[in-house]
Structure formats: structure tokens, C-alpha cells
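> Given chain H's structure and the hints, the job is docking chain P onto it.
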Amino acid sequence: MQNDLERQDLRRTIKEAAARLDGAAALSAARTLLNASQRTTDAMFCASSLLGVSDVLVTQMGMRRLKTFAVRSVTLEPMVPFLATEALFAGYVLDLQLGGYGSYIDELLNPNSELATSKPDLVLVLLDIEELAGPLPELCASGRNPNVDLEIQASLDRVGQLLRTFRSNNPARVLLQGLVVPEVTSLGDVADANLPLSLPAAIERLNRGLAALCASISDCAFFDVDRVAARYGRSRWRDERMYFASRLPVSVEFFKIYAENLIRFVSPLFRACRKVLCTDLDNTLWGGILGEDGPEGIATGSSFPGNCYLEYQRYLKQLSSRGILLAAVSKNNESDVRETFNTRSADLALKLEDFVATKIGWNEKAQSIRELAKELSLGLDSFVFVDDNPMECEAIRRQLPEVEVISAPIDEPWRLTEVLARKPFFDTVFITQDDVDRVQEYKAQAQRTELERQSDNRDDFLTSMEIVCTFQSALTAPLARSVQLLAKTNQFNLTTRRRSAAEIEEFASSLGGQAIAVRSRDRFGDAGVVGLALARTEGDACLIDSFLLSCRVIGRGIETAMLAQIAQQAIRDGAKRLIGQFIPTKKNAPCALFYLDHGFTQTTADDSSSIFYELDLTTSLVTSPAWITLEGTQSHELSAGIVLSS
Amino acid sequence: MSSQQVSSSLRELLADIFEVAPEEITPDSSPETLENWDSFRHLQAILAIEGEYAVQFDPQRIPELITVSLLQAELEKKGVTP
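Chains H and P are the protein sequences, given in the same order. Counted the way the numbering used here counts, the first sequence spans residues 1 to 646. Counted the way the numbering used here counts, the second sequence spans residues 647 to 728.
These are computed hints drawn from the structure, not numbers from a lab. All the given hints hold, so there is nothing to weed out.
Covered by chain H, per the in silico footprint, the following chain P stretches (three or more residues, Cβ under 8 Å): (1) 662-668; (2) 686-692; (3) 695-708.
Derived CB-CB ranges, DEER-like: (4) Pro390(H) / Gly725(P): 47 to 53 Å; (5) Tyr232(H) / Phe686(P): 23 to 29 Å; (6) Glu681(P) / Ser142(H): 51 to 57 Å; (7) Ile217(H) / Glu681(P): 37 to 43 Å; (8) Val190(H) / Glu678(P): 50 to 56 Å.
Note that the Cβ used here is the ideal one computed from N, Cα and C, for glycine as well.
One chain only, chain P, in its complex shape:
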């Protein structure tokens, strides 16, 4: 899957977390573009993604995963196709 597209399951998950319409979630979405993406929602997103795709992120990487494409790439690195 290209990093230029956000998979629909990840998009819906993040839409729930950041309380926006799924269409608003793009690969470039980040704390800069989404008002609700604060450190609390970031943790919430990480917990939700870990639960949804049965993966665990390295805690040191967690604070760095602050765009949708970075999150998606990290998932792909773990062998998950979201």
C-alpha cells in the first residue's frame, strides 16, 4: 500500500479519536492540521492502534509518530497492512 493513501480502517479509527470526519484524515494530518491532536489524544490514538492491529510500539518511537503517514509506515514496518 502506498503511503500516499490512508487505509480506510486507520482513517476511521483516527477520525473517532480526533472527532473529525474520516475524509479529513490525510497522510499529512498531524497536530499542526488537526486541532484535537494533542498529547492526550496522541496517547489515545497509539493505544487504539495497538489494540486494533495487535502491535506494540517502542515507547521511544511513540512521541515521534506525529503524522498519519508516519503512523502508517510504522505499522507497515511491523508487517501490518492497515
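Bound-form chain H, shown alone:
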């Protein structure tokens, strides 16, 4: 802080804002004060002023209350105001209760403990080496005692047992803190580094083991305090005087950093990470301005300063590999951008196709981001926007406050990746296969839309999609997927009968029955099982009981291919008439004309709650569209007759 007057001013601002119940102003002044002041008294002042208006913060700013219980074997009390303020800055009102020293086993396991009866949302488990692995320092003294690994395993087993038992009785989310790797040991730096059974090596293994343990327990995260301590200097992390005198595990100069990082690890237990990164191009993705410097003039590639931008591109590519969607939002001529991605591809770590969507043109960026949110069906609070232009950044902050805005440091391009990496918005405790696949899915959808936009002729467009339909039995789709489709499909569902697994099996196995599922893929991706039909031939008539298609693939002719497949099988089963039924619902208007469009004749009145249609199979044909390649049509497993006789 420049001077004490400034500090007093901020404190007055906080006090006044709190008095008039202006949560946002109080919070913003508190943030400024604590970013500048190291004083514990200022943290206490901010915590008590802000918590005094916590109701306002919850109602005005949508903050979430977190009833939190900390079990610990160390002194935490002096850090509590910092934990409270850092939690507030992250959007949480922390209601923190501390357990007694060393009573953590009772707190966690006893159903009548203070912890259990307080019904916390969050439990912090903050133990030191004595509690987690007391014998390790002595066992590691020689650097060659094989019992070290046994002790690590015993420690992991003990903590695992503790957390699993806790989890079976208590739904609270858990943050388990690891250990700081010791700096001072009797073996010394050289032996510590070279002996696999040294204490630092053992603590690192223990930390990895604790992390794996947390990953195996639901709603449980590992707090890697060693990474934080190492970043700021392990040798200064702890003040030995205060550690030995008061069991204070962190030096007072790092209280804020400790609290900030602990809260960073808590946050993903309660909220999903952002999903989309929108990047500007000029002076952000590359150096220079494309419109002025031309594709050959922009800075990107292996030499400075282009390599700073290349590093940012690589960083984005890596984000994309873990499921973050990339979008380019730039004021440029689209053709110039396309040309640049073609001619400078050797100097760029990203291809234009790595972006799930691009908004390149002269529209307002706020408008572009709104469109993206709509196209990707994601909320604005899933978006991050990176731009070097302060005006653009300010415009987004004002117009779309939900979007997280990052100002690219134009004069220091080497800082951009670090600025991004320090932000918590992509933090997540785990990444699922679905997360990783999401990018591909969105990309495919965006490419289909793009191709459709470019083609003037529908048939040409559909041919260029290279659609392949694979027919298979609804029993092997798998059956659960077939039931799910019947249960969930509303729009393109002609009868909306929610058939059960047993009923599908009956269609599949009875004589003349058909239960077919269709998978579809195209040049952009595999959509999986998208359609289902149930039909039965009795005598000379085949009645289509259920017919549905996922709305993602409507309008590509897949529905016609399915109908053709049913008709052919019906003929093989001896049918001369194909009978379709439409039961109108509030949602299925999109398929009301399906049978008429395919040459059927209506046989019952319009106003009926169930309309029947008929097609004479001896005179009319249903043919699959030429642009669809069919697979599995000859597989006679689809025919129940064969199943029965085999």
C-alpha cells in the first residue's frame, strides 16, 4: 500500500458500503485493500465487515454459503480471516468451524461428533506429517530402508479407510491436504536427490498416493499444498520460530496465498468449470494486425516474438484436448483469416478446424459471443474471452458480465499463457471421457451447419456429408440405448409409446416382428444410435408400432432409409400393406406429415386422436435416399423368423 491514508480510505469505503448494504462495492474495495496490504488486521477487518453483510452477499451477488468443518492437527486460527476473505472473492460465504487438535478421527467417524451434527457442506482435512506418516522421517534416515514403502502404503490404507468410512455416512465434500516436501533433512540435498527412499522422495510418493486415493472417492479432492509452497519458496513457507512455538504451519507472509490456493482447490467441488475460450486473433493469437501486416507480416512461429504467440496457440490446443471448446472472435475479413491459416500453417499450432466455431467479421463482439452461446447451447457463464484491446474487453465486461474477460498483455506477449494459467476458471477435479469427446461432438455439429450454409443444393449437401446408416437389432443397440430413445424422444416420434425393454424384446422375437435400431455416422463424426422402429406383420399387413429419430439428425433422409428398411422386411414377412400411425402430441408436429410425404394414404379422419395411413406395398416402393450408404440391411438377424428358427 502506497500510504496509510489510502488504506484508511479503503477501509472507510468498505465500512460505508457495508452500512448501505452495497455488497459489490464492499467486496471490490476489500479486494483492492487486501491485494495491496499484507496486514493481518486488514484481513480481519475485511472478513468481519463483509461477513456482517453476508445475507446481502448471498441475495445480491448469488454467493453460496459453505458450511465448513476443518479437522486439523495444526494451528489454523490466525488464517481464518484470510480463508473467509479469499472464499468471498471466489463467491463463497465460508461458515468455518474448527475441530480440536488431533481429534480428527473422532470428528470424522463418530456419528455424534461436532462435525457430524453440524452437517457441513465441506470438510477440510488438514493434517501434518506426524498424523499422516509419523514414522517416515526416521525410516527415511538411511535412505535405503525398504520399510519406507510399506509405511507409505500403511499410511494410504489408514487414510483411505478413514475417508471411505466417512463417505459412507456423510455426503459432505472433502478436501484432503497433502504435505509440503521437507527442505531440511539429515541426509542433505545430495543424498535426498539421489536415494529413492529419502524423505523428500517418500513424501512426494505419499502425496501422489493421497491424490489417487481422493480420485477414488466421490466428491473428494486433493489439495497439493506442496506445489503452492514450492512456487513461492519452500524454505520460507514455514516460519520455524512460529511453527515450533505455536504449531503454525505457514509463515504469516503466506497466509493470503495459502488461503487463496486452498479456496481454489475447494471451488471445483462446488461448481463446474467454464467450457469455452473465445480468443481474439490480431495481437492475441498472433502478433500484429492481419489487415495491415498481411498473412506474411504477422508474428507467429519459432522466432521471437512469434514464439510467444506460438506458445499461446499450443496452450489453447492443449485446452482443446481436455475438452475446452475454442472459438475465434475477431474483427477481420474472413477470407484473410482463412488464407492466413492456410499459408502460415507451418508457423501456427492451431488449424482453423481446431475452433468449434469462428465469428470473424465486423459485428460487435458481444453480439458474436451471444450467438456462440446460442449455437453451442451453453450459458454465458461458461465463456472466457481473451482480447488485447482494452475497449473490447471493457465492452464485454459491461454488456456480458457473466463472461470472464482476460486482457492479453500486448507489450508482453510472453506473459499471456501464464496470465491464463493462473486463473481458476478451467479448474476441475477430474476430466471424463465425455469431456474429452465434447470438442469433437461440437466441432462436427458446427461443420455440418457450416457445410449446409455453403451448399445451395440440398442433395449435394447431403451427398457431401457421406452419411452411412447401419441397421441392427434394437436388442444389440444396446437395448438400454433403445429404451432410452423411446423414453426421451419427443419431436420426431410418431406414436410416443414409451415401450419397455421387455416389450422391445417381444417385438424382436415374435414371428413377423421387427425391432430395428439405426446408427448413423458421417464424414464429421459418429452420432451413435439415432433411430428406432418397432413393427409387426400379421397376415398381409405390417403395422408400424413405434418410429422415432433423434432430433439431431432429422432432415437427412435417415428417416426414409429406416422406412425403406421396414418395408423390405415386411415384404419378406409376407405383408402387402404397410400401415403407419400418427398420434399427435404437443411436441411431435415436426413429423405429422411423415407418412403422407412418403406416399401413404390417410385412412382415418384428421381430427382423430390417432391417425392411420396405408401404403400398398404391391404397387408402391419406399426407397432409401441415394446419398445414404446402408450397412446391415442384409443381416437377417433383424428378422424374427430367423431368430426363431435358428
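Frame of chain H; chain P shown alone:
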């Protein structure tokens, strides 16, 4: 400075820690007179004073410094005029 008066900077610091008005901090303030002065706030006060005046107390003395005048005297002994 007389030990009969509490300097304004120390008074304000302790007022923050013990969450009372600065006027309530007197040389005789102690855990007996201030409800909030428990062992946790004592540690908090020590950490804050050490940071504010750039001094370090002997850990053995810390538990004994339980009136404002004792704290102030200890600071003066370290050559600090709070």
C-alpha cells in the same frame, strides 16, 4: 513515551484484532477486560504487531505479554516507539 498511554497505531491495531472501538484499548486492557482476548486472538495480535513494527518476540515471552502496557513495554525494549 509513557506506558500510561497507548500509542494510536497500537491502539488501532489491537482494536481490529479484538473487534472493539479504539477508545476501549487502555494500558490495562488484558484478557480479563476484553472478552475477545483469547489465546487465538493473542497469537493474532502478536503476529500483527510483529508485522506492523518489523520485530520478532522471543517465543517464551509471547505468552507473558498479556496486557497492553506489557506489549508496549516489550516493543519499547526492542527500540520501537509504536
